[in-house]
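Enquirer: Here are the chains, one letter per residue:
2 protein chains.
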Amino acid sequence: MSILDFLLGRPLSSREEQGQRIAVLAGIAIFGLDALSSAAYGPEAALTVMRPLGALGNQYLVPISLSIIALLTIVFFSYRQTIAAYPGGGGSYTVARENLGSSAGLLAGSALMIDYILNVAVGISAGVGALVSAAPSLQPHTLALCLGILAAITLINLRGLREAGLIFMAPTYLFVGSLLLAIGIGIFKTLAAGGEPTPVVAPPAFPPQIAAVGWWLLLKAFASGCAAMTGVEAVSNGVTAFREPVAKSAQRTLGIIIAILIALLGGIAWLGQAYHIGATDPGGPGYQSMLSQLLGAIAGRGAFYYVAISSVVVVLVLSSNTSFADFPRLCRVIAETGYLPTSFGARGRRLVYSEGIVVLAAISGVLLIVFGGVTDRLIPLFAIGAFLAFTLSQAGMVMHWKRTGGRHARHSIVVNAVGATATGITVVVVLSAKFMEGAWITVIMVPLLLAAMVAVRRHYESVAQEIAAPLEFSPGKPNPPLVVLPVQRWSLIAAQALRFALNISPDVRAVHIECEESDRLVKEWQDHVARPARESGLQEPVLVVIESPYRFVVTPILTFILNLERQNPGRIVAVVIPELVESRWYHYLLHNQRAALLKALLMMKGTGRIAIVDVPWYLERKQRGGD
Amino acid sequence: MSILDFLLGRPLSSREEQGQRIAVLAGIAIFGLDALSSAAYGPEAALTVMRPLGALGNQYLVPISLSIIALLTIVFFSYRQTIAAYPGGGGSYTVARENLGSSAGLLAGSALMIDYILNVAVGISAGVGALVSAAPSLQPHTLALCLGILAAITLINLRGLREAGLIFMAPTYLFVGSLLLAIGIGIFKTLAAGGEPTPVVAPPAFPPQIAAVGWWLLLKAFASGCAAMTGVEAVSNGVTAFREPVAKSAQRTLGIIIAILIALLGGIAWLGQAYHIGATDPGGPGYQSMLSQLLGAIAGRGAFYYVAISSVVVVLVLSSNTSFADFPRLCRVIAETGYLPTSFGARGRRLVYSEGIVVLAAISGVLLIVFGGVTDRLIPLFAIGAFLAFTLSQAGMVMHWKRTGGRHARHSIVVNAVGATATGITVVVVLSAKFMEGAWITVIMVPLLLAAMVAVRRHYESVAQEIAAPLEFSPGKPNPPLVVLPVQRWSLIAAQALRFALNISPDVRAVHIECEESDRLVKEWQDHVARPARESGLQEPVLVVIESPYRFVVTPILTFILNLERQNPGRIVAVVIPELVESRWYHYLLHNQRAALLKALLMMKGTGRIAIVDVPWYLERKQRGGD
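Top line first, the protein sequences correspond to chains A and B. Taken in order, the first sequence gives residues 1 to 627; the numbers are from this note's numbering. Taken in order, the second sequence gives residues 1 to 627; the numbers are from this note's numbering.
Heads up, some of the hints might be wrong.
[Claimed, not checked] Across the chosen pairs, the derived CB separations fall in these ranges:
(1) B:A170 with A:P285: 41 to 51 Å
(2) B:D527 with A:E547: 25 to 35 Å
(3) B:T404 with A:M603: 52 to 62 Å
(4) A:A211 with B:L143: 44 to 54 Å
(5) A:Q139 with B:A135: 24 to 34 Å
(6) A:A170 with B:P569: 27 to 37 Å
(7) A:I369 with B:S133: 26 to 36 Å
(8) A:G570 with B:L143: 56 to 66 Å
(9) B:A70 with A:L143: 56 to 66 Å
(10) A:I369 with B:L538: 51 to 61 Å
(11) B:T555 with A:G405: 16 to 26 Å
(12) A:I369 with B:T555: 32 to 42 Å
(13) A:M603 with B:T240: 55 to 65 Å
Honestly, the hints are just simulated from the structure, not real lab data. No residue lacks a Cβ here, since even glycine has one placed at the ideal position from N, Cα and C.
Whole structure, please, built from the sequences with the hints as guidance.
Expert: Here it is as structure tokens:
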């Protein structure tokens, strides 16, 4: 256990739960990383769509960013209200389920689960991708780097929420600080230059214009830019992780995250337009990220540039941590309603929902391995889940206010209805714009996951019904079982098992598969067992020798037991299996594992009337022999 | 089981053993493939060493081949005698062990085991290498081809010795036939041309001479050429596989194999010299195997050439089959003396020693994977094992004749002593010539394997001593165990387990880890269990509720059981574990596997006084409830 203690920390008592709760500053690092890191790729995604417009595309960056910021503001007010209304953790699942019915809840839940899983794979792979393009010699180790980072993040999260917050705070604030500083310098320079600043390092020239401005293109640019909004729902899912007063702490955290995000998005857009920055071809040789261009234009390629760019890479990698904070909580909430295995609800040694963390790490690890650590093709998939959840959760809030009324109900309904409509439209736009690029996978995955969850709940219901407690239990007169004891040769192991058998029932049958040593066993049984039993006036244990022309050992014993059970209705058959327990794992190879095989087959083929009794014999350890 | 029947054939009864024995023709295919295929690479190996001599090297081919043939003849007579002296299977292990002591036996045994394993990897990889150089588009699939062939050969061998013989006969005789035919044509043409035949396709020119003729070079060439002798010991290991009279059949098989091998080696050497054939650089671009040059020179590049070359490739691949015939028999013989796990001695459904086959396939599969299907670097390793075994076995025979005497003892001693000396010298030459190239690995592996086998035997001896049958067994008065029953909630599963517990002992304690449902369980236990038991006048089963601040469930139960055992010396503790058995494997994920964990921990941490009783409950199957 000491290795576990070292890796994961000492177990925390359930009473220490309050100490694990987090305050606003840590909350921003834990639940905000996903949202904040979006600022690094959202505006670039919009610009990339507008590349066919050449230099003209740059002109639309500010208007598109403003619409995204407007939508973000609506979503912010909407989630603020959700947090206030659901201080017990108002994830999209809960809100949609309670207000729109369980199907809507499951739809939001499965969309979010897929979103969280993709976020881990894409976040880590994007960060490693940036690292590898800076240090090409690491290229062959892409997958190993991805998996190593995944393992580290998993371990940190298993150590508990508080520790994760402490560890992730420094990079988060370095990222926010250096970007805000760069934006401040940029704004100053731009204003000083009368709106036309001279870049320190000039950005690449725009490609020639090859398309006309059209509504569909601008809508697609908007939809791509909406990637900047993913991760905003995180706080509302994790309300219960905050210190008292939970709702206030959570609201304040969300408010600060959104404010920073708006400052970053607005600043990047305005400066991007002022410095005439366009997107470079993402797959092409001269690729340079928009943030890199902007930082170079504002501050040149000095130490500051490298600090800022490094913090971007780190935050991209760590953005996956938000999934680790939220996915287990989401799974727990769904498990509590019976749609996922109950074990998702158990708190591990550090009071986190360990199973959710491990499952998330495993699935995203598989994704990383399948895609070789390069998950670009998954990116189109993952805004859909987030926006579907936004829409359902806000539609749910509209119903909530309608039902509960209250002082500001009318006002709240408007806020949430506008939010639901705007995000709903975004879902449709993103889905149609990116359907062929891979969004269709989400369209298939969500219903599959939903169906699986319904099947899980149905299974639990049928089991619960099947094993419902009996109204009456009559102990009755004890009825000792029929005992079967497989014996290979007469030894201390067999003797110990026989002693146990005779202690639980007078009715013992030893079975033996005929081999070269059979005659000897029959004689020894007569001398050492049958005769002493007769002399003590006990019922004589029978030795049954079974022929086996095909040299099978386990199958004939199994057949014997199943026949015995069939011929003795109303009696329980107890199979007493003497088993050698090796003191070293490699000794395992030296002894045949027929006992294990027989146990497994009895478990599989048995009926409710066969019990399996293991009488272990510990090799090379002092047996504390019984009676 | 029907898939197994299809893949491996129906199980064979032990009485069908005689029908599985093989005659001379099949014996040549099974035990001779390794030896015969050596003709394809032995002479070439000698020529390759002599490349620095340029055209001069060619002149030494016949003398070197003659010395190898002489050594081969000695070894042949020596093994003929071994077969006669050990008709029960006189492998090098048995002969060395019985005459020189068990250390010598283990030395021979481990050398042979390593030789057999390497032979599989090298044979398959050499054949696939030849195939790939003929069809370069297969290059990327090298490893897959190797593993596919390994799987096919394994499967054929698991189907039984007789089937393997039948399947491998055709390629063996095609190989022998086409090579002998080519040699015949070549001899005719050479004689007709007065010793200087005109090649149909001229072989490549010799490289310039860059070294002088020296003893060490010629000795190295001889040592390399000795690779042609590997596989000769195979028949003597497998004597018991032959039809009656076993010794005669085996001797005749060995005689024919050696005669063909000598004809092939002699013919190839003589014609190689007559046609002025030299070795090309094995790693170089213009590489062409010596056999390919010779066949081209004799018969041109027509259909015959391709048939003959294909048969060479097939036979190289199949030469690994000899290992599959012998390795399991060797392991069985070693296992019977206690130095390897006893399971190597069990005959599988088709009367072959399946475990040895599977282990051989697994180890050589790992070798192939580690070396990516290209095992050139293993080749230097594997003549050593064979020659070490030759030497020990013949030295053993010298002692055998000395001890037993007999009519021709003097004559036999001379034959075997010459053989032992010649092969012993070869071991030293090969070892020193190839030490740096990889032979040192064998020098490390053999002692390691030897030490492992000694450890295995020591373990078996200590176990046998520990569990030796008790002289006296006193059944005594039955002493019912103390029963512990972990209960999570009151359900039909718990009720079934409790019923079993009460049937084997009146002394039952239920343990429960405190949780939210504890109060309900305490009440239900009172109503459904304690009260009815009291009313029936039975001993009341106690319910023990244990607190668990760290939310562990299994550990506190384990501690409770271990304490109970310690506090009740002289009593056996039976832990009755109610276990849900899912009807579908994926339902496994939906239920926590605490029962399995508790069982595993009890098995590990338990003492000889704790028995584990599994009372399975079959979900979604009609329980045939007891009493």
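Enquirer: Per the hint of 41 to 51 Å, is the separation of the Cβ atoms of A170 (chain B) and P285 (chain A) within bounds?
Expert: violated (57 Å)
Enquirer: Is 52 to 62 Å a correct range for the gap between the Cβ atoms of T404 (chain B) and M603 (chain A)?
Expert: Given range 52 to 62 Å: holds, Cβ gap about 56 Å.
Enquirer: Could one say that the CB atoms of Q139 (chain A) and A135 (chain B) fall in the range 24 to 34 Å?
Expert: Since Q139 (chain A) and A135 (chain B) have Cβ atoms about 32 Å apart, the given range 24 to 34 Å holds.
Enquirer: Has the hinted range 16 to 26 Å been met by the Cβ atoms of T555 (chain B) and G405 (chain A)?
Expert: violated (51 Å)
Enquirer: Mind checking the hinted window 25 to 35 Å against the Cβ distance between D527 (chain B) and E547 (chain A)?
Expert: Given range 25 to 35 Å: violated, Cβ gap about 52 Å.
Enquirer: Could you tell me whether the CB distance from G570 (chain A) to L143 (chain B) stays inside 56 to 66 Å?
Expert: Taking Cβ atoms as reference, G570 (chain A) and L143 (chain B) lie about 59 Å apart, which means the hint holds.
Enquirer: Does the hinted range 55 to 65 Å hold for M603 (chain A) and T240 (chain B) at CB?
Expert: violated (39 Å)
Enquirer: Has the hinted range 51 to 61 Å been met by the Cβ atoms of I369 (chain A) and L538 (chain B)?
Expert: Cβ of I369 (chain A) to Cβ of L538 (chain B): about 58 Å, so the range 51 to 61 Å holds.
Enquirer: Mind checking the hinted window 27 to 37 Å against the Cβ distance between A170 (chain A) and P569 (chain B)?
Expert: violated (58 Å)
Enquirer: 56 to 66 Å was suggested as the range; check whether the CB atoms of A70 (chain B) and L143 (chain A) agree with it.
Expert: For L143 (chain A) against A70 (chain B), whose Cβ atoms are near 57 Å apart, the range 56 to 66 Å holds.
Enquirer: If you check the beta carbons of I369 (chain A) and T555 (chain B), does the distance land in 32 to 42 Å?
Expert: Hint holds: Cβ distance 34 Å, inside 32 to 42 Å.
Enquirer: Does the Cβ distance between A211 (chain A) and L143 (chain B) fall inside 44 to 54 Å?
Expert: holds (49 Å)
Hint compliance for this structure: hints 1, 2, 6, 11 and 13 are broken, all remaining hints hold.
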